[in-house]
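Engineer: Here's the letter readout for the chains.
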Amino acid sequence: MLSAQELKVAYGPVVAVKEVSFHVPAGSIVSLIGPNGAGKSSVLNGLSGLAPLSSGTILFKGKDISRMRAHLRVSEGIALVPEGRRVLAGMSVRENLELGGYRRPAKEVNRDISKMEEYFPVLGKRSKAAAGSLSGGEQQMLAIARGLMARPGLLLLDEPSLGLAPLVVRFIFEFIQRLRDDGQTILLVEQNAGEALEISDYAYVMETGRIVLEGRSQDLRSDPAIARAYLGLP
Amino acid sequence: MSVFLQQLINGFFIGSVYGLFAIGYTLVFGVLDILNLAHAAIFTLGGLSALWLTTTAGLPGWIAFPLATLFSGVLGLLLYRVAFAPLRRRADSNLSGLISSIAMAIVFESCALGIFGARTVRFPEGMFQNRVYHFQSITITSLQLEIVAVALGLMIVLSALLKYSRTGKAIRAVAESENTARLLGINVEWIVSQTFFVSSALGGAAGILYGLYFDALAPDMGRSIELKGLAVIILGGMGSIPGAILGGIAFGLSEVLTVELTGMSNLRDAVAFTVLLLILILKPSGLLGRGRARQA
Chain Z
1 MLSAQELKVA YGPVVAVKEV SFHVPAGSIV SLIGPNGAGK SSVLNGLSGL APLSSGTILF
61 KGKDISRMRA HLRVSEGIAL VPEGRRVLAG MSVRENLELG GYRRPAKEVN RDISKMEEYF
121 PVLGKRSKAA AGSLSGGEQQ MLAIARGLMA RPGLLLLDEP SLGLAPLVVR FIFEFIQRLR
181 DDGQTILLVE QNAGEALEIS DYAYVMETGR IVLEGRSQDL RSDPAIARAY LGLP
Chain G
1 MSVFLQQLIN GFFIGSVYGL FAIGYTLVFG VLDILNLAHA AIFTLGGLSA LWLTTTAGLP
61 GWIAFPLATL FSGVLGLLLY RVAFAPLRRR ADSNLSGLIS SIAMAIVFES CALGIFGART
121 VRFPEGMFQN RVYHFQSITI TSLQLEIVAV ALGLMIVLSA LLKYSRTGKA IRAVAESENT
181 ARLLGINVEW IVSQTFFVSS ALGGAAGILY GLYFDALAPD MGRSIELKGL AVIILGGMGS
241 IPGAILGGIA FGLSEVLTVE LTGMSNLRDA VAFTVLLLIL ILKPSGLLGR GRARQA
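From first to last, the protein sequence lines are chains Z and G. Going letter by letter, the first sequence gives residues 1 to 234 in our numbering. Going letter by letter, the second sequence gives residues 1 to 296 in our numbering.
No lab work stands behind these hints: they were computed from the structure. Possibly wrong hints are sitting among the right ones.
[To be verified] Pairs of lysine-lysine residues, derived as DSS-like cross-links and limited to a Cα-Cα distance of at most 25 Å, are as follows:
1) Z/128 with G/163
2) Z/63 with Z/115
3) Z/125 with G/283
4) Z/115 with G/283
5) Z/107 with G/283
[Stated by the list, open to error] The calculated label-pair distances, taken between Cβ atoms and stated as ranges, are:
6) G/242 with Z/163: 30 to 36 Å
7) G/189 with Z/6: 37 to 43 Å
8) Z/6 with G/242: 24 to 30 Å
9) Z/125 with G/166: 21 to 27 Å
Built from N, CA and C at the ideal position, the CB exists for glycine as well.
Next comes chain G alone, as it looks inside the complex (with noise of 0.2 Å):
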């Protein structure tokens, strides 16, 4: 029982990684109805950055973190300068996006093995203190616990600034319509810019905190979780973005029952994917997805 409740902590911390990376998905999805197959790779510079910035130039984590994190969004502007903005015009944006996006993935990956090699690295021994507590069987440590901390305030924090704030709401507009967004005084291209540089920050982010939790960075970690935050949005329901939370929450916990049900972790990617099949049978437009129609 006490292993089954280990094992569901850690489907949770897990969880809430994914959800970071996945919210990031959802938010460019949400806003220009593309999927930008780049964000991977720029969870994976983010991560490999923040490496950088401790090991190569020294930095403290609490000025590293926050300036890889940034880094990450600048990375997102140039993507959409490059690989959307020039094909927006264009009917078929949609698709010629979702090329491009891949083209510029593969520019991002290469650079990252170019400049950190194909090796598996990770972040100096003893730059944190990583307690460990333990409450009777279960043990937590304060690595961990940073991680979640991290992952749902960034989430949180989103959620609020897309709720309450000018810029939020002027994000929703565009998501709604850009048309209309326009006759409201909104400038399109610049919320635009906003969304992929926020969207590129958090991927970031969680490129950081998830080199963080498996103490491994490396040019493909993108790979790994590429398709797993594109089952999570799916399953959350494109473009909202509490369902990408409570997605990767729940894709991380299906992901670890899977392991201590069966006992075999090959099968843990194929059950997860299955549990996204089977929700997508139950309810085809997602957990919290609302199945609209796109207006012009």
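Same shape as in the complex, but just chain Z (with noise of 0.2 Å):
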């Protein structure tokens, strides 16, 4: 589904991710992990079109758009649901669900949001607060929600378990497994490394703006050199 060919993305003169590829197959979760500053989160604004790449070719269902703006981008069916949140703090939180389908059709959407209440409960009761008030987990489901919004072909995940209590982590991450099983592609990125290796299918290990290790999940879950620089086993 989405191909990314020696991506390099640059801050100024910071040059946050040197020439990474990877690929997403669709139907699939593809998990990035690695210590923080390794330039995951980079990857992720490169594919989404916050950051514009410095050099390399982003390839989604064949077409080329490494180019493209941003926003045009949610259109071709990437949405990505940002590191920290951020939920529209000032709005509601059924605004924030409508804006995820901005550029869809209104009936489509209204439907939409009913599943997405289906899907998260605590969003329909609290239709009408304010999104700002409320707490981390369920600001989080909003932001999930708000990128399925967008009937995504591939939604990214930045970070979904970062500052959430364990039971929280527990029930987001059975939430994307869930996803998946009903056919959605995901690229997830996570500091939480055995979380991410646990429910995903295949996993690229990344180290200041490089990646230094791929393979399968459950063959990187088995791997020495992953378990301690990673998982904190010995």
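Join these two chains into a complex; the hints should help.
Structural biologist: Below, the structure written as structure tokens:
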């Protein structure tokens, strides 16, 4: 579904991503793990168009979208759920969902909002509340639901477990798996490598702007080097 | 007592025009965090172009005024393209935009001066059937009522559009965070352009109403309202639409009350700005200010 070739992302003189290549096949969860500052979020920003690429090519469903502006990539079918959730705090929960479907017809949007409220009943209950008044876990659910409102071919998730209680993290990861089982393609960026390897099909390990390792998630899970470096095991 | 009431009514009328001027001002600030200091120049050109359309082009008011309002909106687009858009990528775009908008204000005012001359001009007499109503000792003209109805009507329409329309929601999303808006598929540049169009159209409409209210139009009429408009949006809370409406009316009232209570009309501005200071000391974010922190 997505194929990234030698992506380079730089913020002024600072090069965050140095020629990174990877693939996300349709219907799978691919995870991108690695320590803080490895450039994982920058990869997602490059894919979503928030950060312009210095060089490299992004092929999405066979189409070159490397130079496409961010808002048009949403129409193509790429939706990013950003790090730190970034809900529109002053707007209502429902308005956040509506804006998630900004580029889709109003009729479908209303139907999909009902679907999101089935996935996450709390969003229905607090529909009129300001998004900023939700708890961290609820905001993460809203951010994911808002991303899904675009009916993306590819959903990009940036650190969905960040700052959440373990039970909520469990719930979110189970939900992500359920999405995949329903056919949703997902690229997951996580610092929580254990959980990410648990639910993903394939994984790439990033360090200081490069991919240093890749493989099937179950193989990486049993790799002693990975266990030492990222899973906190001896 | 009845003089007092009459003054309150007058203050409310002129306050509604201040409010209309200020919501355009505050709308751009809310979305871009930029003060558009050419807003007053567009206010002037709105009034003067309406005059040109009614006199030189000979159009009736009901065509001329909406046309002049649209023309003001187009000027706003031009203003955005020239003074703001090229600077948006700069880190100091708030400050540089402020300066370049002053430059555009000077260009606009010079155009007005060149085309219309420096004289004070007025709308042709007999353009309106200006009925005068007396309620006991209070006098209200139909023109005043029309002005306040149009000003309040436009403010209500804008508030409703921002609250309920798809574009209105997109404008609020851009105001909260441009990057988040982009991630949702919102074309931020296009929304910002539309914001400038609406803001300037309202500013131009305020210029027309102001000219009608005082029966005078001049290339420097923007000067008198420029600082007041700024005071109004600070009073109401920067970026708050209801705050600008409320602030405009409060400012209009405090002006006329000053004259009424002290008997000195030259104290008018001094007291109005003193009220502003007092409110800011009591509530630094303004009447309806949110005091929010803006995300990247």
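Engineer: Each hint should be assessed against the structure and marked as holding or not.
Structural biologist: Hints, one by one, checked against the model:
1. This hinted pair checks out: residue 128 of chain Z and residue 163 of chain G have alpha carbons roughly 13 Å apart, not beyond 25 Å.
2. For the suggested pair residue 63 of chain Z and residue 115 of chain Z, the alpha carbons sit about 30 Å apart, so the restraint of at most 25 Å is broken.
3. With a C-alpha separation of about 34 Å, the suggested pairing of residue 125 of chain Z with residue 283 of chain G is violated against the 25 Å cut-off.
4. Taking the CA atoms of residue 115 of chain Z and residue 283 of chain G, the gap is about 43 Å. The hint is violated against a cut of 25 Å.
5. This hinted pair does not check out: residue 107 of chain Z and residue 283 of chain G have alpha carbons roughly 43 Å apart, beyond 25 Å.
6. Evaluation of the 30 to 36 Å hint for residue 242 of chain G and residue 163 of chain Z yields a pass: the beta carbon distance comes to about 34 Å.
7. At roughly 29 Å, the beta-carbon separation of residue 189 of chain G and residue 6 of chain Z lies outside the given 37 to 43 Å, and the hint is violated.
8. The beta-carbon spacing between residue 6 of chain Z and residue 242 of chain G, approximately 52 Å, falls outside the hinted interval of 24 to 30 Å.
9. For residue 125 of chain Z and residue 166 of chain G, the hinted distance range of 21 to 27 Å is satisfied, since their beta carbons lie about 25 Å from each other.
In terms of the numbered hints stated before, the structure departs from hints 2, 3, 4, 5, 7, 8, listed from lowest to highest.
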